[in-house]
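**Q** Assembling the complex is the task here: the two chains are given apart, and the hints tell you how they should meet.
Chain by chain, the residues:
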Amino acid sequence: MGRYVIRRLLQMIPVFIGATLLIFLMVNVMGDPIAGLCGDRQCDPATAAQLRKEFGLDKPVWQQYLTYMGNVFTGDLGTAFNGQQVTELMADSWPITARLTLIAILIELVVGITLGVVTGLRRGRPVDTGVLLATLVVISIPTFVTGLLLQLLLGVKWGWIKPAVSTDAEFSELLVPGLVLASLSLAYVTRLTRTSIAENRRADYIRTAIAKGVPRRRVVVRHLLRNSLIPVVTFIGTDIGALMGGAIVTERIFNIHGVGYQLYQGILRQNTQTVVGFVTVLVLVFLVANLLVDLLYAVLDPRIRYV
Amino acid sequence: MRGASHAKWAAGAVAVALAATACGGGDDSGGGGGGGGGDGVVRSSWGDPQNPLEPANTNEVQGGKVMDMIFRGLKRYDPKTGKAEDMLAEKFATKDSTTFTVTVKDGWTFSNGEKVTAKSFVDAWNYGASLKNNQKNAYFFGYIEGYEKVHPESGKQSADTLSGLKATGPRTFTVKLNQKFSTWPETLGYAAFAPLPQAFFKNHAAWVKKPVGNGPYTVRSYRKGSQMSLRKWAKYPGSDKARNDGVDLKVYTDNNTAYTDLTAGNLDLVDDVPAAQLRNVRADLGDRYLNTPAGIIQTLAFPFYDKDWPDDAKGAKLRKGLSMAINRKQITETIFQKTRTPATDWTSPVLGEDGGYKPGLCGDACDYKPAEARKLVKEGGGLPGGQVKIGYNADTGSHKDWVDAVCNSINKALGQSKACVGNPTGTFADFRNKTSQQKMDGPFRAGWQMDYPLIQNFLQPLYYTNASSNDGKWSNKEFDKLVNEANAESDAAAAVKKFQQAEEVVRDNMAAIPLWYQNGSAGYSDRVSDVALNPFSVPVYNEIKVG
Chain A
1 MGRYVIRRLL
11 QMIPVFIGAT
21 LLIFLMVNVM
31 GDPIAGLCGD
41 RQCDPATAAQ
51 LRKEFGLDKP
61 VWQQYLTYMG
71 NVFTGDLGTA
81 FNGQQVTELM
91 ADSWPITARL
101 TLIAILIELV
111 VGITLGVVTG
121 LRRGRPVDTG
131 VLLATLVVIS
141 IPTFVTGLLL
151 QLLLGVKWGW
161 IKPAVSTDAE
171 FSELLVPGLV
181 LASLSLAYVT
191 RLTRTSIAEN
201 RRADYIRTAI
211 AKGVPRRRVV
221 VRHLLRNSLI
231 PVVTFIGTDI
241 GALMGGAIVT
251 ERIFNIHGVG
261 YQLYQGILRQ
271 NTQTVVGFVT
281 VLVLVFLVAN
291 LLVDLLYAVL
301 DPRIRYV
Chain B
1 MRGASHAKWA
11 AGAVAVALAA
21 TACGGGDDSG
31 GGGGGGGGDG
41 VVRSSWGDPQ
51 NPLEPANTNE
61 VQGGKVMDMI
71 FRGLKRYDPK
81 TGKAEDMLAE
91 KFATKDSTTF
101 TVTVKDGWTF
111 SNGEKVTAKS
121 FVDAWNYGAS
131 LKNNQKNAYF
141 FGYIEGYEKV
151 HPESGKQSAD
161 TLSGLKATGP
171 RTFTVKLNQK
181 FSTWPETLGY
191 AAFAPLPQAF
201 FKNHAAWVKK
211 PVGNGPYTVR
221 SYRKGSQMSL
231 RKWAKYPGSD
241 KARNDGVDLK
251 VYTDNNTAYT
261 DLTAGNLDLV
271 DDVPAAQLRN
281 VRADLGDRYL
291 NTPAGIIQTL
301 AFPFYDKDWP
311 DDAKGAKLRK
321 GLSMAINRKQ
331 ITETIFQKTR
341 TPATDWTSPV
351 LGEDGGYKPG
361 LCGDACDYKP
371 AEARKLVKEG
381 GGLPGGQVKI
391 GYNADTGSHK
401 DWVDAVCNSI
411 NKALGQSKAC
421 VGNPTGTFAD
431 FRNKTSQQKM
441 DGPFRAGWQM
451 DYPLIQNFLQ
461 PLYYTNASSN
471 DGKWSNKEFD
481 KLVNEANAES
491 DAAAAVKKFQ
501 QAEEVVRDNM
511 AAIPLWYQNG
521 SAGYSDRVSD
531 VALNPFSVPV
541 YNEIKVG
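Note that the protein sequences, when read in sequence, are chains A and B.
Each residue of the first sequence is one higher than the one before, starting from 1 at the first, in UniProt numbering.
Each residue of the second sequence is one higher than the one before, starting from 1 at the first, in UniProt numbering.
Just so you know, the hints here were simulated from the structure itself, not pulled from any lab data.
Among these hints, one or two may not hold up.
When the alpha-carbon atoms are kept at most 30 Å apart in a straight line, the in silico DSS-like pairs for lysine-lysine are as follows [to be verified]:
#: 1; chain 1: A; residue 1: Lys59; chain 2: B; residue 2: Lys439
#: 2; chain 1: A; residue 1: Lys157; chain 2: B; residue 2: Lys338
#: 3; chain 1: A; residue 1: Lys53; chain 2: B; residue 2: Lys439
#: 4; chain 1: B; residue 1: Lys156; chain 2: A; residue 2: Lys59
#: 5; chain 1: B; residue 1: Lys545; chain 2: A; residue 2: Lys157
#: 6; chain 1: B; residue 1: Lys202; chain 2: A; residue 2: Lys53
#: 7; chain 1: A; residue 1: Lys53; chain 2: B; residue 2: Lys210
Calculated from the model, a selection of chain A residues having no Cβ within reach of chain B, i.e. all distances over 12 Å [stated by the list, open to error]:
#: 8; residue: Met30
#: 9; residue: Val72
#: 10; residue: Ile141
#: 11; residue: Tyr188
#: 12; residue: Ala211
#: 13; residue: Pro215
#: 14; residue: Val220
#: 15; residue: Tyr261
Looking from chain A toward chain B, a few residues come up when the C-beta cut is under 7 Å (computed) [claimed, not checked]:
#: 16; residue: Gly31
#: 17; residue: Ala35
#: 18; residue: Thr47
#: 19; residue: Pro163
#: 20; residue: Asn255
Glycine residues also receive a C-beta, built at the ideal position from the N, C-alpha and C atoms.
One chain only, chain B, in its complex shape (with noise of 0.2 Å):
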């Protein structure tokens, strides 16, 4: 008998590996919802969240899409306009641009029945800023007076809780500001700024899985990397409660995978068309297509640290000359497929030109002129050993795409067949790395996507001296001159003027060569209607109808 021993020990091997397989097997459920949905049910595509889903750590679209579903704050940006909006706040105060006092409007609930008061703010902000719990958007609270307390830059932190914030009574609290920002009110539309309800900080880790919030949809089922189940809350107290009754947000491995169940009617909204469906997707969907301007720009900023990339006056004609070298329109147009426009100035379209938007501002330099790109480089000295190389990382984005096509464009605008050369990164992280800690030797890809439709967002945080996102490290007296006055600034429209003239600072300089402006892309099933993208490109979902 020996081959029977021999099946044995076989059958027995095989059952241990079986059984190991199977121990992840049993919990399946707990899921619901399914695939099925209901009648009234947005299906929508979705990615997996980079971060735990709390409002002052969530700083990308996918976890944006849900925070704008399940919360409201006291300012909302219009989804058309881009305006901030009263939306929990009665009124702001201030004498001196300085010190507000904020009243919270009444009547406002969490979806579990607490009321949303003005401690539900402070707890929040105050969570949000505090280093210890690791929150990405805690820069947000910058402005706030006692951040460098409870956010030390080194070092353990010496508060627990931002000076500049009192609950004055049940409605009202105070806001204190370490400097006059006039506009301050308006950028409280932004996630971070959301109340949470007490729940969030007395039992954290459940909250996290089943969010609680007092938007217009209730989370009713959440599967981390797979699906989560909103459903319409039908005591939201707002005004723009949600004309569906529901949505069902989905992992996807791919967007070209989601993109074909779009097409097989399996889908209802994938709000990022893939780059290679472009060319079919009026094809496809006839107009249940959507490109409309987000607010995201993108630039090629320097290495002002390295000695080859200097801030003087060569330097700069320089880089006019190379900006001039690049043709925007054909790029936008054969590579893009128009879901990009070139860009004219250094904000966004989405700004309306009330906000700051200047069509036209950059003049000449953003114009693809390559007689006059050649002399302008000449000029500023050439290139710098003869070669320019533009840093992209390449896991993401299509970005090899353009930076070759805009170094074919500056190849041929200066008659060298290798005067530029893309120099890949492998991945986003480490590209990062190298961009912030100043290790890039020649241009390199800058995107920005704003926090807020300000101005100010599109110009301080990227060129003013050491802030937080001026990677190049480029600094300019002038400009952070103009930038404070600006903030100091108490008429809108003044402060606007103010931060252009800061803007015409840059285009100076050339600090940074616009490219283009980023727009929103979505395609959708004829089971729905009213599909709007925001201007931060997350569909408008509680204004979706279905059938």
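So that you can see chain A by itself, here it is in the shape it has in the complex (with noise of 0.2 Å):
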């Protein structure tokens, strides 16, 4: 198991590698970022000169690279064109973004997974059919619209929430936006648990667990939503990635600083560091939720085992 771990973080360092080198290459496709500083008018030519030398943008795109990945191993990831330092962007933004995958997962277990275990129990009942309508709406509904619908209704009509997030961002402020951010996923956590439950519900070994005389509560926790989980955990797992990286709009609309308002305003203004650091992180977060994906596995079905 250990050299499992082992084995799987070493795979990420040409992952890492390969994944900065596409990011800077697409971002320099975009061409000169320094024209874009003036305004409506031309950067007068020596000051030009002297930021793309002081940015390293005079040098072929290899040797940026190389420079940049030099900067990378001593935690400097660049500065951005306002004098920021990426990694103090960074220091900003995270924790925010963090928390609100953090709130959007949570609500997509605790909810999803109630709801799919209940309507996979009781499948052509009318509480089953209520959910699948209920979660085909959310399905076909895109996030902006649920997003602008509650900003206007519990902000502004009816008072309940604030529509705009403050710089701090607590837990409490994040609740609607991340349920907002959920709604999506938790419409197919929803439905992934209710199939897999019914698919399980017939199998021998619940079969045996019921004639055995275990209580019920017993049967269905231990026996067969653990073994009904593994889909579940797998689409969980990649959804953290695309939470964090995909929460542009949701970001916007309640005017949250966070990773996908960096990466927005990073590319309208073109900067390669910022972009490119940030993606970076993107890469490894989602990488990481893998390998914990993988392990899980393990965890909930003991037959699968890692040597």
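**A** Quick look at the structure:
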């Protein structure tokens, strides 16, 4: 098991290098960013040349990349055009996005799995049909519609929440944005759990457990649910990465200064350092989340072993 | 115990991941202020400034807001009339419109107690002009003698200070210009000319974190990218003291969110009402909505370096024809909901008629006349290649909407369905690259926001041979001659006349097609009153009253 984890961690190194290189090249293709810094006028050529030199943009791309990677290993992720360190931007935005993602995942887990179990056990009953319909509605409505609608109703019309999240972005403020962010995946988690539960309910080991006289609650939680969770865990694991990077829409609507917003601004301003830094960390989060999912398989299903 | 050991490993990995995400979590303090503000504090929307907050490095509205609150220069543009009025300047003396002796008023200090002297100005201007400091507004000092040594076009600078700039006493300094420029003192209201305290030079990093100036406000706390809290400076010596207790500038991710926060009562001032909300703004805010002219004009420039767009009589006819095929009135009313006004000259209404704004100078050429447009385009040799492509950047400012509308109007007027199409570029930076490196092959969007309210600023940088923002590379000897004469004129009214003659040369050649004057728009809550925008579309914060 330990060797497996180490092997997986080592595999991340080439992925990390490849991913940063690709992003670096992609941002570079967009062209010279300096011209955008002077408004609707031409930057004076001397200042532009000086800035290019300072940001290392006058060197060939491969050299820029090597310098960047060299700096990364000393903990220096570069400077944004407004003079702010990228590490500083990260320190500001990652905790906020982590909080938002945590809320979204918790909502998915608790509400999604509960609904899935309930509907899976009562297939074809009114509860099942009702929840199925509800998830269909959620899946078919885009996030920005749900977001703007909740913002208008809860924030402006009824005044239950503030429509814009403050710069501190505390947990209580992030509940509604988290719900919006989670809504789509929530519907998928419900459906996945429901199908999985319904299928496993007829499995031999469940019949045996019931025949043995194991209490119903124990049958459902220990035997049925645990074995049904594998597809759900796979989905949630990949969803962590998607939630973090894909929160741009939700973050813009609710004024959350998280990773999505920083990325968006970095791309608009063609700020290589910001974009590469943030995307690289996203890639790492994705890799770690996937590793965790694989390890969780073994916890859920003892038949799965890693050597 | 196989299962338990699996769980242990998974738990360990989770712990590692959590520890990694928690790295930056600790330092959330330090911001202070938070969302609460105080009773007399104005809560205003903000965008993250693009460049570091230094006077000679701030060239856009968001940073400009801060500069306007924490700095006062020799001159200040009256928020209503746009006229340059003496602020820290006691007097300007000149005999030849080239050498000026400036006297600074007594009794001014920075908010840290340091006196504002002639040296505060000389040091600040030398810093702003020097190439090694990367100041984006360095070109403002280009009229001062010795600029080409401090800021050469290429290569290393051979001097650190401007030779034309000398402090001659504690409150007097002389400025020698490299050309006659009678109205030069009028340009000094721009933030780039602000004085700087010694703290700026001695501990630059600390200063940028928390700027110190001589304006009616002081910075209480600044959290980059999220919020700046400014408070009234009680000992401010000027006459334009703050009428509120302070201003909290809050960065919003999206101007729609800021607008929603305003309607929910969590924000007092939004100075950029999103286009999508313009329809509802009267219903939401009633008369708490401003729509006032700003010193911004949008034009279509032409690539005169391209052989398809020659600068001759035929070409002028073609450009005039295109201009007459654009229905400005309809576009400004339907797409911009009257936040733009059809342009009839090449300047801006904020100059006032005394300052050189002359409505109707464009004449027929700026009216929508489809029949004549068809005729002129035909006489001008038809559209090159049968089609014009209007270049614009698609990332900001809803440019796509109006370019499509302009093309529609041209297509309709000329009676061809594909006479005009939009030619989008993905990002603003890339668009600027193409225009400044002469890579456009058709007319392109050219916006101009004035630096100072002078007619000179609407003509010389844009149409003078090889001027800094003459992206179309238009060149006309007569125009250049008239501009030189105007700059040498010592009488302001006579100078304006000459500039208008030069503007007529632009008109006769249709060097650029004027489209519309842009307005500044703002909405505010019922908590505040006396809200106004200055000609640079920056809110006049010090005059806002709370309660």
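**Q** Each hint: holds or not?
**A** Going down the list of hints, with the structure as the test:
At most 30 Å may separate the alpha-carbon atoms for a hinted pair to count; lysine 59 (chain A) and lysine 439 (chain B) meet this at roughly 23 Å. Proximity of lysine 157 (chain A) to lysine 338 (chain B) is assessed by CA-CA distance (about 29 Å); at most 30 Å being required, the pair is judged to hold. Of the pairs offered as hints, the one joining lysine 53 (chain A) and lysine 439 (chain B) holds, with about 24 Å between alpha carbons and a cut-off of 30 Å not exceeded. For the proposed pair lysine 156 (chain B) and lysine 59 (chain A), the alpha carbon gap of about 19 Å is at most 30 Å, so the pair holds.
For the suggested pair lysine 545 (chain B) and lysine 157 (chain A), the alpha carbons sit about 27 Å apart, so the restraint of at most 30 Å is met. The straight-line distance between the Cα atoms of lysine 202 (chain B) and lysine 53 (chain A) is roughly 25 Å, inside the 30 Å bound, and the hint therefore holds. Distance restraint check for lysine 53 (chain A) and lysine 210 (chain B): the Cα-Cα separation of roughly 27 Å lies within the 30 Å cut-off, and the hinted pair is therefore satisfied. Distance to chain B contradicts methionine 30 (chain A) as a non-interface residue, since its nearest Cβ pair spans about 6 Å, not more than 12 Å.
Interface exclusion of valine 72 (chain A) from chain B stands, the closest Cβ pair being 15 Å apart, more than 12 Å. The Cβ of isoleucine 141 (chain A) sits about 19 Å from the closest Cβ of chain B, beyond the 12 Å cut-off, so the non-interface label holds. Under the 12 Å C-beta cut-off, the non-interface status given to tyrosine 188 (chain A) relative to chain B holds; the minimum distance is some 23 Å. Non-interface call for alanine 211 (chain A) relative to chain B: holds, since the shortest CB-CB distance, roughly 24 Å, exceeds 12 Å.
At roughly 21 Å, the least C-beta separation between proline 215 (chain A) and chain B is larger than 12 Å, which holds for a residue marked as non-interface. Under the 12 Å C-beta cut-off, the non-interface status given to valine 220 (chain A) relative to chain B holds; the minimum distance is some 19 Å. Distance to chain B contradicts tyrosine 261 (chain A) as a non-interface residue, since its nearest Cβ pair spans about 5 Å, not more than 12 Å. Taken as an interface hint, glycine 31 (chain A) checks out: its beta carbon lies about 5 Å from the nearest beta carbon of chain B, inside 7 Å.
Evaluation of the alanine 35 (chain A) hint against chain B yields a held restraint, the C-beta minimum of about 4 Å falling below 7 Å. Below 7 Å, beta-carbon pairs count as interface contacts, and threonine 47 (chain A) has one with chain B at about 6 Å; its hint therefore holds. For the restraint placing proline 163 (chain A) at the interface with chain B, the shortest Cβ-Cβ distance is roughly 5 Å, inside the 7 Å limit, so the hint holds. The criterion of a C-beta within 7 Å of any C-beta in chain B is met by asparagine 255 (chain A), whose closest approach is roughly 5 Å, and the hint holds.
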